[in-house]
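K.L.:
With the hints as constraints, model all of the structure from the sequences given.
Protein sequences appear in the order of chains A and B. Here my numbering is used: position 110 in the first sequence is 110, and no number is missing along the way. Here my numbering is used: position 98 in the second sequence is 1098, and no number is missing along the way.
If you are wondering where the hints come from, they were derived from the structure by calculation, not from laboratory data. The structure presented is a predicted model; accordingly, all values stated were derived computationally and were not measured. From the three backbone atoms N, C-alpha and C, an ideal C-beta is built for every residue, glycine too. It is possible that part of the hints are untrue.
SDA-like cross-link-like pairs, simulated, lysine to any residue; straight-line CA separation at most 25 Å [stated by the list, open to error]: (1) A:Lys341 <-> B:Val1107; (2) A:Lys27 <-> B:Lys1093; (3) B:Lys1113 <-> A:Glu2; (4) A:Lys338 <-> B:Lys1147; (5) A:Lys119 <-> B:Lys1113; (6) A:Lys336 <-> B:Val1116; (7) A:Lys341 <-> A:Glu38; (8) A:Lys96 <-> B:Lys1147; (9) A:Lys338 <-> B:Lys1064; (10) A:Lys338 <-> B:Lys1093; (11) A:Lys96 <-> B:Asn1118; (12) A:Lys106 <-> B:Asp1119; (13) A:Lys338 <-> B:Arg1097; (14) B:Lys1113 <-> A:Ala17; (15) A:Lys106 <-> A:Glu2; (16) A:Lys341 <-> B:Met1138; (17) A:Lys70 <-> B:Lys1093; (18) B:Lys1064 <-> A:Glu20; (19) A:Lys119 <-> B:Lys1147.
What follows is a list of derived Cβ distance ranges for each label pair [to be verified]: (20) B:Asp1151 <-> A:Lys342: 46 to 56 Å; (21) A:Gly18 <-> B:Arg1018: 27 to 37 Å; (22) A:Thr328 <-> B:Asn1075: 23 to 33 Å; (23) A:Ala99 <-> B:Arg1097: 40 to 50 Å; (24) A:Glu345 <-> B:Lys1003: 26 to 36 Å.
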Amino acid sequence: METTELLDGKDITVERAGEEDRTLLFKNHLCAVCGLCESICPVSAIETNPTGAMVRTEQDASKIDIDENKCVLCGMCSSICPFQALDLQIDGESIKEIAGYPHIIKSADIDDDECINCKACETACPQDAITITRELPSRAELITGEIDIDKDTCISCGMCEEMCPVDAIELDHQMPTSDNPVVATDINVDTDKCVHCGICKRICPVDAITQVCRICPYGEYEIAEPEITGTSYIDPELCVNCTWCQEICPVDAAKVTKPFEGELNIDSETCQGCETCVMVCPCNVLSFPKSTKAGVNAEKLHKDERFCIYCGACGKSCPVNAIEVKRTKINYTPTKSKAWKKAFESLEN
Amino acid sequence: MPKHIVSGLKYIAAVNLRKQGQTQREIAEALDMDRSTVSHYLNGRNLSWNSIEVAEMVTNFCPKDFLVLTHALLNDTERTRTIIQTCTDSKFKGAIRNSCIGCGLCVDTCLMKAIVLNDLKAHINCEWCCGCLICVEMCPTNSIEIKEVVD
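P.N.:
Given below as C-alpha cells:
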C-alpha cells in the first residue's frame, strides 16, 4: 500500500490502491487558485503556488502542489473545490456521486422553453461555459416581393451586381469574341437572397429591372411569424456558478445557485491598482473603470458583488491585502461525519 | 527455519481450535492443511518440539511483532487472521474519535481486516482487533484509540 503521484503536464494524479482504489485528480486549467483546498486539507498536503506569478506569466509549474507523502486521499479538497479542479474517485466513482459525502450545493440551468436564443449569456459567461445553438429562418421567409430582369434590355454593365448589398445578382462575365460579341452571357437573381431593397432597379441605367416589395402595400399578413429554434448547453466542468447568465438574461431563462454566501470588501486606500485580482477572478466581478473625462479620477477598482461566489481567489492574490473576502455560509449536502462538518464550518466566518 | 515456525504456529492454532470445539475437518480448512496433518499435529507427531517452542515464543511477542512476523511468514491474510486470533489471549477494544475524516488509511493498513468505513468514519470490529496499533500509528488525525480489555 503506497501513495503515488503522477504528473501529466500540469495535471496531477495521486493514487492509493488498497481495499478501495482511491484516485485524486487535479485539472490545472480549471483551478482559480482560491486556496480552499489548501485551507481544508487536514494533513497540509496541498500548497498553492504564488497566484500573481501564475496568472501574469507563463509558468511550467502547476497552480498547486500535492505532497503524496502527506496526502491520505480523504477527498475534502475535492468536496470543497468550487471549480471542479479536484476530484476524488473511489473505485472509479467520483465522491460527488457517492451518498454520504457532503458536496457543495450549486447549480446553473437554462430553461430552453423560456430561452429566446439571444446569446447574451454565451457572450457574458466569463468561463465560456455556455453554448447556444440556434437556427434562424432563411431571409426569403421574412420578405415578400417580386423581381425580374429583362435580359433583352440589359446591357450587362454590372452596376446592379456591384451595388446589391446581399450579392443576389450574378452576371456571367466574359471577354467578347467575334463569334459571341457580348460582355456577359447571362444575368440571374437569386430570389432566396434578394431582400427587395430596390437598389438594383434604381441604379439600372436602362431600366431593365422591375422589382416590387409587397410588404408596404399589402401589409405583413403574407409573412408568417418567423420560427427561431435553439438549444442551450452549460459545460458543467467550466461553469463557476457566477450568475452572469442569470443577470444578463432578458427573459429570466437562466437560474443559478451560488455555492457560497458572503461579502467582498475592497480597501481602496490600500489598493495599488496592480490588476492581479482582476486577472485572477474567475467570475469577472472586478474591473478598472475608465475615466469619463479629463481631470476626473475614475473609481480605482470596481466590483459587482452580484457575480461574486466568495471563493477568495482575489483576496489570496492581492499583494497588499486590500481585499477581504468574508465567506459567511457554505451550502452543502448533509453528512453524518462530524469531522467533515467541522472542516466545512472552519471555512466560514 | 521459517517453515518450521509456521508449522509450530499452525500446531498451536490447531490445538486451540480443537479446544474451541472445532472438528479436524474445520481446522484443516481454517489453516489450509491436510486433514491427516491436522490429525498428526493434534497427536503430537510429525513436528519437532523445538518448532513449537519457537512458535510459542513468537505468540508471546508484542502484538505488532507477532502479527507482522506471522504475516511475513505466511504471506496470506486469511490464515494470518486465523492464527493471530486463535493464538492471542488478550482482547482489545477500539474507539474512533469524531475527528476521523474517513480517509481509509487504517482500512488499508489493518492486516487483520478489522476496520471498515461507514458514513465517512472508520469502525473497528473488536473481535478481530489484535492490538498491533498499526492503525493508531498511521492515522493522520490521531483519531483511533485501542485499549486492552482487562477482565
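K.L.:
The structure should be examined with respect to each hint, and the outcome stated for every one.
P.N.:
Status of each hint after checking the structure:
no., hint, verdict
1, A:Lys341 <-> B:Val1107, "holds (22 Å)"
2, A:Lys27 <-> B:Lys1093, "violated (42 Å)"
3, B:Lys1113 <-> A:Glu2, "holds (17 Å)"
4, A:Lys338 <-> B:Lys1147, "holds (23 Å)"
5, A:Lys119 <-> B:Lys1113, "violated (57 Å)"
6, A:Lys336 <-> B:Val1116, "holds (16 Å)"
7, A:Lys341 <-> A:Glu38, "holds (17 Å)"
8, A:Lys96 <-> B:Lys1147, "violated (36 Å)"
9, A:Lys338 <-> B:Lys1064, "violated (30 Å)"
10, A:Lys338 <-> B:Lys1093, "holds (22 Å)"
11, A:Lys96 <-> B:Asn1118, "holds (16 Å)"
12, A:Lys106 <-> B:Asp1119, "holds (22 Å)"
13, A:Lys338 <-> B:Arg1097, "holds (10 Å)"
14, B:Lys1113 <-> A:Ala17, "holds (15 Å)"
15, A:Lys106 <-> A:Glu2, "violated (34 Å)"
16, A:Lys341 <-> B:Met1138, "holds (23 Å)"
17, A:Lys70 <-> B:Lys1093, "violated (28 Å)"
18, B:Lys1064 <-> A:Glu20, "holds (24 Å)"
19, A:Lys119 <-> B:Lys1147, "violated (65 Å)"
20, B:Asp1151 <-> A:Lys342: 46 to 56 Å, "violated (37 Å)"
21, A:Gly18 <-> B:Arg1018: 27 to 37 Å, "holds (35 Å)"
22, A:Thr328 <-> B:Asn1075: 23 to 33 Å, "violated (55 Å)"
23, A:Ala99 <-> B:Arg1097: 40 to 50 Å, "violated (23 Å)"
24, A:Glu345 <-> B:Lys1003: 26 to 36 Å, "violated (56 Å)"
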